[in-house]
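Novice: Here are the chains, one letter per residue:
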Amino acid sequence: MRVHVVEDDAGVSDSLSLILGNVGHKVVAYPDAESLFKAPPPEGRDAVIVDLSLPGIPGAQLVRWLLNLATPPRVMVITGQSQSFIDHQLRGLQPTWLVRKPLDADTITRVLPAE
Amino acid sequence: MREFSSPPGPLPPPTVSEARLLSVLDTAADGIIVIDEHARILIFNKACEKMFGIAAAEAIGQNVKIVMPIEYAREHDEYLGSYIRTGVKKIIGIGREVRGRHADGTIFPLELSVGEAATPDGRQFIGILRDLRPRKESEQRLADLQSELVHLARVSAIDEMGAAIAHELNQPLTALMLYLQAIRRAHAKGVDIVKVVGEILDKAAGEAERAGHIIQRMRQFVEKREPERHVRELDPLIDEAIDLTLLGQRHRIRIDRKQGTNLPPVSVDPVQVQQIVVNLVRNAIEAAAGMTDPAIHIRTRSADGTVVLEVQDNGPGIAPEALPKLFEAFASSKRRGMGLGLAISRTIAQNHGGDLLVDPGGNGKGACFSLVLPAAAAPADVG
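Sequences listed follow chains A and B, in order. Count along the first sequence from 1, then add 4; that gives the number in the working numbering. Count along the second sequence from 1, then add 12; that gives the number in the working numbering.
Watch out, some of these pointers could steer you wrong.
[To be verified] Distance condition first, Cα-Cα at most 27 Å in a straight line; then the derived DSS-like pairs of lysine-lysine:
| # | chain 1 | residue 1 | chain 2 | residue 2 |
| --- | --- | --- | --- | --- |
| 1 | A | 30 | B | 215 |
| 2 | B | 207 | A | 30 |
| 3 | B | 77 | B | 102 |
| 4 | B | 102 | B | 148 |
| 5 | A | 42 | A | 30 |
| 6 | B | 377 | B | 270 |
| 7 | B | 77 | B | 101 |
| 8 | A | 30 | B | 201 |
| 9 | B | 148 | B | 215 |
For the record, the hints were derived by calculation from the structure and aren't laboratory data.
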């Protein structure tokens, strides 16, 4: 299993990868949705962490695409935006987890425990 | 020279019609003093009693010098004598700003107009006096209120950007927390982290610094300060303001920024000018947000001794019916905000000797706002 991190903020992406890596996950980081599309698609046993506010293709659109895959991965949406923004963006989408920033390591490792 | 200060004899008591006249004078809001050609006070109304802190009973019969500062008092007899001798009017029928003296010694500004009347008892001079302090105070108050309002508009702008700024702060805080927790966890597990801990701590410190910068930028903008003037290059101020506006900006938007070459510096209150830029850029982003390829152009150029900043969006333009009230306070067509932005921005521009103009666009063209600021007069002041 791999954890894909789609986050444009270098600091958040790097620190998330560090935590996940320390737990023992294999981490692949992408700065935007476009670069994830260029890589092999995530598998059903993978997890994808998606920041809702991405440059280019919006985070919500990536989430929709991921959930519509034949064997969808688990999807964790992370965001620092307001609830109204989240509701507006996700309209009907059901990601596996929704976590508001600031994130903390306990939350992350609870939902994505060491293998 | 004649001596005007010594009264020739006691004054007769007032007649009935004089008493009526006095009661009318006493209801006047302005101070009224009537003197004879010896500068003796004949009438000293209620407003004067309050203005100078002298009772009418005490003032009447005295030389009018008692309500003047010493330096005027010395020359007043001479002025009056000169007028009576030569007929040359220095104040009569003209009115001017003079200073009065309260019984407690306070010197204060007065507007004085003087009329002259020929009476059976000889020439009399009627002075109407208005204490200028309330007017000067209200002018000061107006200036203070305006600067309050300018500040309020800045706070309101930051308030409206609050959610976006919170998001922007969340990024470094998230990274900071995760870095620290990574170290904490490794430490708790007894993992040897000596090799990497320095690097992680550096990154954590960098994130904390980043959060600090965001707060600092915001604070500079919101803090209340006296208006000031500095000779500055306009472009760096504009770039900082654009950065502030784009903090946590959720709309994806293309910003085309062009700087004019060899622009002269401007003499400005930097924060107030940035306030205009933040306002214009936010409006432009909002106007362009609905388009398929939202974009704004931010350009500077020089023209006829001025420096011009243009902010153009590719939105639908400004509706003709919104145009007349565009720069009026509280007339905003937006659902959010106080509708102060453009009104305040134009006021600031005009206080700087410049202006804020608009080309409303429409028919497929977006609106374009131009901030015009006069080039700083003396380049020697740069620094």
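Novice: Next step is simple, just say for each hint if it's right about the structure.
Specialist: Now the hints, each set against the structure:
1. A/30 - B/215: With a Cα-Cα distance of about 21 Å, the restraint between residue 30 of chain A and residue 215 of chain B holds, given a limit of 27 Å.
2. B/207 - A/30: Answer holds: residue 207 of chain B to residue 30 of chain A is near 21 Å, not above 27 Å.
3. B/77 - B/102: Holds, at roughly 17 Å.
4. B/102 - B/148: 25 Å, holds
5. A/42 - A/30: 19 Å, holds
6. B/377 - B/270: 19 Å, holds
7. B/77 - B/101: Holds, at roughly 19 Å.
8. A/30 - B/201: 20 Å, holds
9. B/148 - B/215: 57 Å, violated
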